[in-house]
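Can you build the whole structure from these sequences, using the hints too?
Chain by chain, the residues:
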Amino acid sequence: MKLISTIGKYTILMVSQLGRLICFTFSSIRWVFSFPFYFRKLLESFVEIGFFSIPIVGMTAIFTGAVLVLQSYTGFSRFSAEHSIPTVVVLSITRELGPVLAGLMVAGRVGSSIAAEIATMRVTEQIDALFTLAVNPIKYLVVPRMLASIIVLPVLVLIADIIGIMGGYLVATEKLGFNRARYIDNTMQYLETDDVISGLIKAAIFGFIIAISGCYSGYNTKKGAEGVGVATINAVVMASVLILFSNYITTQILFRK
Amino acid sequence: MTDSKKEKSSQKKSKSKVKLRLTNICKRFGSKVVLDGVDLDVFENESLVVLGGSGSGKSVLIKSIIGLLQPDSGTVELEGSNITNIPRRGRDNLMSRFGFLFQGGALFDSQTVWENVAFYLIHNKYMRRKEAQEIALSKLEDVGLTSDSMNLYPSELSGGMQKRVALARAIVNDPEVIFFDEPTTGLDPIMANVINDLIIKTCKKLGSTAITITHDINSAQRIATRLAMLYKGKIVWTGGVKKMHKSGNPIFDQFIKGEIKGPIELELRRH
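As you go down the protein sequences, you meet chains A and B in turn. So that you can map any letter, position 147 of the first sequence is 147 in the numbering used here, and since no number is skipped, the others follow by simple counting. So that you can map any letter, position 169 of the second sequence is 426 in the numbering used here, and since no number is skipped, the others follow by simple counting.
In case anyone wonders, no lab produced these hints; they're calculated from the structure. Careful, some of the hints might be misleading.
Simulated restraints, written as ranges between beta carbons of each label pair [said to hold, decoys possible]: (1) I22(A) / K499(B): 27 to 37 Å; (2) K274(B) / F52(A): 49 to 59 Å; (3) F52(A) / K489(B): 26 to 36 Å; (4) R385(B) / F52(A): 28 to 38 Å; (5) N342(B) / L13(A): 21 to 31 Å; (6) S34(A) / K518(B): 54 to 64 Å; (7) S34(A) / G287(B): 26 to 36 Å; (8) D366(B) / I22(A): 23 to 33 Å; (9) G401(B) / I7(A): 32 to 42 Å; (10) V47(A) / N408(B): 19 to 29 Å; (11) I7(A) / R285(B): 20 to 30 Å; (12) K489(B) / S34(A): 49 to 59 Å.
List time: in silico DSS-like cross-link candidates among lysine-lysine, alpha-carbon distance up to 30 Å [as the list claims (entries may be wrong)]: (13) K499(B) / K514(B); (14) K289(B) / K2(A); (15) K518(B) / K491(B); (16) K223(A) / K491(B); (17) K222(A) / K489(B); (18) K223(A) / K489(B); (19) K458(B) / K503(B); (20) K461(B) / K518(B); (21) K289(B) / K223(A); (22) K387(B) / K458(B); (23) K382(B) / K41(A).
Bear in mind that the values here come from a model prediction, so they are computed numbers and not experimental data. Where is the CB? At the ideal position from N, CA and C, for every residue including glycine.
See the structure below:
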């Protein structure tokens, strides 16, 4: 009996959380289309989410590209298919690894920072203060971060794509002795615009997920320092799981096309 | 004479207009009833102090008035119009008529002192930053701060200075009604009195109505023109500050004297 009541309790909790998240998301989207627009906050978010994430995204991409070449070589050289390595690398990075790894890295860096900042504002009544100063907290805190994240993530993924391919190219040509011109030719030969576009679409979706997870967890935090910690964990876990889940859904939709 | 009769006679005497009227405000969190039918009138230009012990629902009351919390039932009227459940846009206009000083200051820690004070002007009135800065500076001077502090961040200020900045921010829109949430909590007695005097001075200068919630009797005595006692989610006594020591209400008497024995003690024992 106790087991059933516990299951019931957690089910109700989960459903109510999901409901709150959906309401929060719709409310955030609704406020995008109304006056005023906080351009200054939007620019600050561009810098915070985009510019400061370039090093971590770049580092992730370059090592991923490098490892991908080494691992592919191990397999492909067994049946003399080394010439396929550039194609495998470029398709893996643009379609999958670029967006997913950049998304996860940004979720860790930015999602946690958004959640901690907004949660601290909640705990110290700064969000209530916004309300009393006749400024809509969702519009001021959530909308600029959400827009910035949606716009900036594709740019970050584009950078990750270029740096990742570059990482693969360097290892392939400098360590494995590939011909430089032929490697570039093979890279470009089978790459289509759709491959890059599909990665960028995913990136925009991941950007939305990261911002909403961070803002929602921070905005609905319970009081106290512990609440801020829990909000930060929730933001990163929620964003990571949703990124991986939506990645599958998006891939399937784009794959069917 | 009963408490309600006393209140009616004081209303007649003052001939003041009712600025805010709370009728049967109820609020519960889960099974815990915090406000259990609060009825209260706040008159124009008066300084009403709501007293009550810790956890008596003072903060919930003040937040229910301005709309930070939605009461489960009851109405809040501002100059006769119901403001209990007005939509977001209307509420933004309404908030322009209110000022709120938070217990911890609630200053935006990512912004400088002047940006905090000018926040309303920049983000609601869309004033140029330079112009807003000038107004912020004059408000800072009103609360006894100089231009030296205007570029500091809240974390670089002492508790008393933070309260002053928060007060400057609360009055930047020249509000009709100012709410003070425990304005002297956490301050030393001298700084507490400095803040008390600033509250009196500011309200007089702006001609604002003030509603303060506190459990600091000294502060209440200093800033109030009228007192109300919140106990078990209800207003159990209201009266002028001069009647403070002859209220005839055992709960209020015990509270202001800080006596351990009395009707409030029974409540403590039960829990």
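Tested hints:
no.: 1; hint: I22(A) / K499(B): 27 to 37 Å; in the structure: 56 Å, violated
no.: 2; hint: K274(B) / F52(A): 49 to 59 Å; in the structure: 55 Å, holds
no.: 3; hint: F52(A) / K489(B): 26 to 36 Å; in the structure: 52 Å, violated
no.: 4; hint: R385(B) / F52(A): 28 to 38 Å; in the structure: 29 Å, holds
no.: 5; hint: N342(B) / L13(A): 21 to 31 Å; in the structure: 28 Å, holds
no.: 6; hint: S34(A) / K518(B): 54 to 64 Å; in the structure: 58 Å, holds
no.: 7; hint: S34(A) / G287(B): 26 to 36 Å; in the structure: 34 Å, holds
no.: 8; hint: D366(B) / I22(A): 23 to 33 Å; in the structure: 31 Å, holds
no.: 9; hint: G401(B) / I7(A): 32 to 42 Å; in the structure: 60 Å, violated
no.: 10; hint: V47(A) / N408(B): 19 to 29 Å; in the structure: 21 Å, holds
no.: 11; hint: I7(A) / R285(B): 20 to 30 Å; in the structure: 28 Å, holds
no.: 12; hint: K489(B) / S34(A): 49 to 59 Å; in the structure: 43 Å, violated
no.: 13; hint: K499(B) / K514(B); in the structure: 15 Å, holds
no.: 14; hint: K289(B) / K2(A); in the structure: 25 Å, holds
no.: 15; hint: K518(B) / K491(B); in the structure: 21 Å, holds
no.: 16; hint: K223(A) / K491(B); in the structure: 26 Å, holds
no.: 17; hint: K222(A) / K489(B); in the structure: 25 Å, holds
no.: 18; hint: K223(A) / K489(B); in the structure: 24 Å, holds
no.: 19; hint: K458(B) / K503(B); in the structure: 28 Å, holds
no.: 20; hint: K461(B) / K518(B); in the structure: 38 Å, violated
no.: 21; hint: K289(B) / K223(A); in the structure: 18 Å, holds
no.: 22; hint: K387(B) / K458(B); in the structure: 27 Å, holds
no.: 23; hint: K382(B) / K41(A); in the structure: 17 Å, holds
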